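Undergrad: Add chain U to chain W, keeping to what the hints say.
Just so you know, the sequences run in chain order W and U. Counting from 1, position 57 in the first sequence corresponds to residue 56 in numbering that gives the first Met the number 0; the numbering is continuous, with no gaps. Counting from 1, position 69 in the second sequence corresponds to residue 68 in numbering that gives the first Met the number 0; the numbering is continuous, with no gaps.
Hints in this document: simulated from the structure, not taken from any laboratory. The structure presented is a predicted model; accordingly, all values stated were derived computationally and were not measured. Built from N, CA and C at the ideal position, the CB exists for glycine as well.
The calculated lysine to any residue pairs, modelled on SDA-like cross-linking and capped at a C-alpha distance of 20 Å, are:
| no. | chain 1 | residue 1 | chain 2 | residue 2 |
| --- | --- | --- | --- | --- |
| 1 | W | Lys-103 | U | Ala-226 |
| 2 | W | Lys-42 | U | Ala-160 |
| 3 | U | Lys-96 | U | Lys-124 |
| 4 | U | Lys-168 | W | Ser-35 |
| 5 | W | Lys-52 | U | Gln-193 |
| 6 | U | Lys-202 | U | Gly-7 |
| 7 | U | Lys-261 | W | Leu-97 |
| 8 | W | Lys-44 | U | Glu-197 |
| 9 | W | Lys-8 | W | Asp-99 |
| 10 | W | Lys-44 | U | Glu-189 |
| 11 | W | Lys-24 | W | Ile-81 |
| 12 | U | Lys-265 | W | Glu-7 |
| 13 | U | Lys-92 | U | Asp-106 |
| 14 | W | Lys-83 | W | Val-58 |
The following residues of chain U were derived to be distant from chain W, with all beta-carbon distances above 10 Å:
| no. | residue |
| --- | --- |
| 15 | Asn-20 |
| 16 | Thr-24 |
| 17 | Gly-38 |
| 18 | Pro-54 |
| 19 | Glu-62 |
| 20 | Glu-115 |
| 21 | Glu-153 |
| 22 | Leu-156 |
| 23 | Leu-206 |
| 24 | Gly-218 |
One-sided excerpt, in silico: chain W residues whose CB lies under 8 Å from chain U:
| no. | residue |
| --- | --- |
| 25 | Asn-46 |
| 26 | Ala-48 |
| 27 | Thr-49 |
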Amino acid sequence: MLLDFSGEKPIYLQLAEAIEDNILKGIFQEEAQVISTTEISVKYKINPATAGKGVNVLVDEGILYKKRGVGMFVSTGAKKKILKKRRKNFCQGFILPLIDEASKLDVTKEEIIDMIEGSFKNEYHRD
Amino acid sequence: MNTIEIKGITKYYGDVKALDNVTFTMEKGKIYGLLGRNGAGKTTLLNLITNRIFPTEGEIRIEGGSIYENDKMLRNIFYMTEKNLYPGDEKLKNIFKWTRQFYPAFDIDYAKGLAEKFGLNINKKVKDLSTGYGSIFKAVTALASNTGIIIFDEPILGLDANHRDMLYKELLANYSQNPRTIIISTHLIEEVAQVLEEVVIIKEGKLVTKQPVEELLSGAYTVTGEASRVNRYIEGKKHIGGETIGNVKTVIVLEDINNKNKALAKELGIDFSKVQLQRLFISLTN
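In isolation and in its complexed conformation, chain W is listed as follows (with noise of 0.2 Å):
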């Protein structure tokens, strides 16, 4: 996990996402134990109140779950519940972003698409 301390985003959204990106990943199974937030403090130097409210932010929406005395654990279907709300945000996130920067550089619209079939002939598949 990396977190950005200059990045726009608050440091505490960072963490959920990152958790997030993890579990979509498969490195943190549904039902497995994830980091605490005292290692996740310690290990990324921030203060565990934040911590915390990144940790809670995912459950609230049920995507972790806390085992009292044990620790913090993945929800069964959190990938799925991850992946939806994801999905969501797709269009806000990437493709709105997208068009403002296009935009500013002249790129139009037939363009973007070209580019788009493009980069999924050659290049989607490098992983």
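TA: For chain U alone, coordinates are given in the frame of chain W:
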């Protein structure tokens, strides 16, 4: 864990007013940053909280009780001063033993463990320590004091990047295990920004703000763009720290970014960005 109430504190040194009617409360169990430029009154405030000097006016209460001539209270506050006040000829391990006489909860084993992690030889004498190891020794003693309130005045003076990293991590591990009130007074703000929960900023003896770091940062943002457009944008908005390079102006605006502002900025072709604590601090205290 202790609440510190600063009530209407004014402090004169002769004719010089070091603190001017300062009032705020630090809640227990949080990590505070005390920020201010040189001579802003940070150390004066810390000396007052630890009853080393007396206020000209006002009072300080900890957990509701007065700190004046209150030994029990003072044994629950550890103050790591910027200056090294330990006797030069004494060995570090002996100072650990002494410290426990005054701070009964002082954890010698933990102190020795930390010393080892930092590569600090406790058989050395205080006077033989480098600036960096002098800071490490004082910080280790502070962390091991196990008091409800720990105050660090410029804790990372002379520390290299590795040791600073270790110190922040040890401090957070210690705090996570035993939440207590921690006050860090420092100049190196950017590095410590994420470690802090709240900041207290003072300027020329007066309180500028006392706020959670996140709230402070989310209540401000930077706008950059062509100077006349930026001027139009900031009209009627509270702003600080204008900087112009060529025809490009950068200003910190003190308010939340809302949709109305976003639309106006887009119309004017102005860019937003997040403001860093260090930048905000410089602008607030300039």
